[in-house]
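2 protein chains.
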Amino acid sequence: MNSLRRPVSINLGTVHYTKTAPWYLFLRPLDMGMNIQRMADIAAKLGIALPTAEVYGGFSGFYDWGPIGAELKANVKRSWWNEFVHKSHEVIGLDGSIITNPEVWKASGHVDHFHDPIVVCKKCGKRFRADHLIEDALNINVEGKSAEEMTKIIRENDIRCPACGGELGEVKLFNLMFATQVGPYEGSISYLRPETAQLIFANFPRLYQLARKRMPLGIAQIGKAFRNEISPRNFLFRLREFEQMEIEFFFDPENDSCPYYDDVKDYEALVLTAEMQERGERERRMKISEIVPEIPGREWIVYWIVRSLRWYEKIGVKKDLLRVREQLPDERAHYSQGTWDIEFNFEGMGWKEIQGVAHRGTYDLSRHQQHSGKSFEAVRPDGSKFIPMVIEPSWGVDRVVLAVLFSAYDEEEKRKLFRFHPAVAPYTVAVFPLVSRDGLPEKAWEIYTDLLDEGINAVYDEKGSIGRRYRRQDEIGTPWCITVDYQTMEDNTVTIRDRDTMEQVRVPVDEVVEWIRKHVKSSSA
Amino acid sequence: MNSLRRPVSINLGTVHYTKTAPWYLFLRPLDMGMNIQRMADIAAKLGIALPTAEVYGGFSGFYDWGPIGAELKANVKRSWWNEFVHKSHEVIGLDGSIITNPEVWKASGHVDHFHDPIVVCKKCGKRFRADHLIEDALNINVEGKSAEEMTKIIRENDIRCPACGGELGEVKLFNLMFATQVGPYEGSISYLRPETAQLIFANFPRLYQLARKRMPLGIAQIGKAFRNEISPRNFLFRLREFEQMEIEFFFDPENDSCPYYDDVKDYEALVLTAEMQERGERERRMKISEIVPEIPGREWIVYWIVRSLRWYEKIGVKKDLLRVREQLPDERAHYSQGTWDIEFNFEGMGWKEIQGVAHRGTYDLSRHQQHSGKSFEAVRPDGSKFIPMVIEPSWGVDRVVLAVLFSAYDEEEKRKLFRFHPAVAPYTVAVFPLVSRDGLPEKAWEIYTDLLDEGINAVYDEKGSIGRRYRRQDEIGTPWCITVDYQTMEDNTVTIRDRDTMEQVRVPVDEVVEWIRKHVKSSSA
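Residue numbers (our numbering), protein chains in the order written: chain A, 1450 to 1974; chain B, 1450 to 1974.
If we strip away everything but chain A, and leave its shape as in the complex, we get (with noise of 0.2 Å):
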């Protein structure tokens, strides 16, 4: 976002940007402000992401992503799939199934943990989730109480339906599983996955074999994953089908140094601990190391957060609207030594988690050598065997492009763009003939396939005006745009004209490629 069109009543988070912001700038009318719903409509106008089947009224929870946003979304998972696998000496992938044996949700105890209270008001009708409704009401923590407890606790204090005032019925478990019957015999029960973790941890014993007991080891995977969600909102950030880009990062914790701490120790970023929270403290500007403490993979932990901060960059997430927050103690999974979440300022809505990173120690392999009887051991150059722990950085796929898109939009008086990094535009270049005649459209799909088989990604156009043309690459966030003109058919060069400062220069037809891939390169730097 532009943020010199932050209106001021907005959560600013940090304030780094309105010091410059000349005064009358806030004079515009507030609708001008970006919030996730203006988001959404711009998503659908421009074919980035579209309520699904749009013509029965879409289905609450679940987005179709149209050609530009299945670029991008493409984009965003490549990146992170070369930086993360394919540039991690210790990581290697999966690309588990959606449906698997349902063993494994009983053994990670999603199959009788899994769930959200609900209550039903008598007279209404609405749901609500019933430990919502108890903590806002009483101001008081109702993690871990049984369904009969909390219904209990409704009825001694009379808590009735914010909707209609009516009364509330019984508190139920709704388990936030899919279940689905899978095979022709009723009773063959599975479930959507809730999470991609799980076929990473399942398949460990199989994978350190084949990664011929590397330890550490990390075992990275994207892929989609279904919660249902009992009010499923906000555009992208609260789906019932979303993608998750995961590592389940083995070690062991009886030799847990990163070689490549002295790389990420002096990394700054702004932070949030617990403390800090419970002190009533902004986020401020800290080294990563400084905040995790001394507990097993505490040097992978602050690796894992650099890396991923540092991953943000390279795709156009900005850095000032990023800060890592430690999840306070009753935030998190009772088997977890720390859990620090790596949230973005969307602009509307505050800070927003799109990344977590959770040390969930031996619990997930424990339970699975447990209810599998098979072994879920590595074992030591000694030959003592060991359960690993493991680190978890987890990103939300759709979040991530949500908070690449909230970076990059931006409005000029002239023009609405996004000024995407070109590591994820979805086109990193557009060819245009000036006009559709004298052979100046051949030579540019010419050049356009030409770019394509060298790996480009480049979109041709060859409708309405120049004008028109650039303005339509500027709106879906084409960095540059190279135009075939009558001069190129003189001297074979063309103009590539850039997004951002909409300067153009005249390249040798035969320097096209290395010029983009140049500059590609420099903007990742």
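These aren't lab readings, by the way, just hints derived from the structure by calculation.
Given the structure is predicted, the values throughout are model-derived calculations rather than measurements.
Careful, some of the hints might be misleading.
A pair holds if it fits inside one copy or across any two, identical chains being indistinguishable in the list.
Stated by the list, open to error - Derived lysine-lysine pairs resembling BS3-like cross-links, with alpha carbons at most 25 Å apart: (1) 1662 to 1865; (2) 1912 to 1662; (3) 1536 to 1967; (4) 1494 to 1662; (5) 1967 to 1892; (6) 1536 to 1767; (7) 1967 to 1767; (8) 1714 to 1763; (9) 1763 to 1863; (10) 1912 to 1834; (11) 1970 to 1536.
Model the placement of chain B on the given structure of chain A, informed by the hints.
Below, chain B without anything else, positioned relative to chain A:
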């Protein structure tokens, strides 16, 4: 597959190779021949594909892609998207939701008609496809018959359980869609999509607008689909969770000529028309343009079949193992004016469909227009409106990968290897330091990360003897291995070793990226 190893007892399909095979090769033991189970074993051993959650005994019809398979499958998908979306002037992309509004599946006919008739043996409890039992016993086609009618046929002809001879129960219809409850309201049932196609059809009105009313217009999608198969089987061939790559290519039946037709009309391949099948003939080499009759969109059908066949060559699917088979009239959907399957000759299994090219007429858009009450029409330059016809080239990703595996696998006296095409090989290049000291690993790592930065998928390995490292890369089909040795430290050159010829050349480090790019490109030409 190296066809020379093909045992004589196997269904040969085409007989191109056997003439050139020396007689003594046929003396090899039969179990050296390839078949689907042996490929499944190799795939598990190398980490290509694993039965999902195998510590819990797997789950019938579901597989997890391991580290090597995840890369291979991603490369096949990326090659496809680049070829058919980016390089197709008429095609845009979509990435639709797996769960969508259930009205989509009512409109498409899946809720009412997408089922198999099953019957249970009263004695042994085994389940069977009733239509298959009847067809086997009486040699009659029961397509379109109701469950009651099939029960009656079974009773009247005393058809019994093929497993135990027991009496069979009533025929019941089993819908192949996975159903699931969405949200906490009982009765809100939706389905996992049984095909990606309907997401494209349902979104047509918006996507047509986004594409600025271009016609013809192709809309492409890659994604998971789910069918609750009664008998999943044959490794990746018949799965319950699988992946599709589809294009719905919409055109105006009154303006259906293809501007690229000259480029495809003389392309020859093995074909088997409906007529040839009825006459009991084998496939033979013919022009694709000769086998498509005069129906609307004829030129585009030829175009899509030829483009598909050309793409298979680019990813290393052997041309001689592919044929185009026209579906027989009783195989295809009632609304189809013609459907052509592209089949691959899997050793040990024979010709099997890996892709279909179906003429779906105006069926799907008409159904959605009727069901939604919204317009699914396109408009001609003269203002007249029409419902576009559609041609659907549809690939099974898992099956295409399987064809890549069968095409690439080879055995020599001293090595077993996948001769993957560089365009899809899990890794394009491996980088080794000759020894793990004297600065060689650092130099090798530098070359390795440079390759990654240039978008070339590389893998780094410093474990084991250089010979073993070569074999390891041969096994997973890496086309080239770069070795940093002591000479590198003197003159900044490395050796590049070719997987297929096992020959080595010395190349200056500065020219490695260009060398690899040039060789990838020339192998795709």
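Problem - Those earlier numbered hints the structure runs against, lowest number first - result: Structure breaks hint 9 only.
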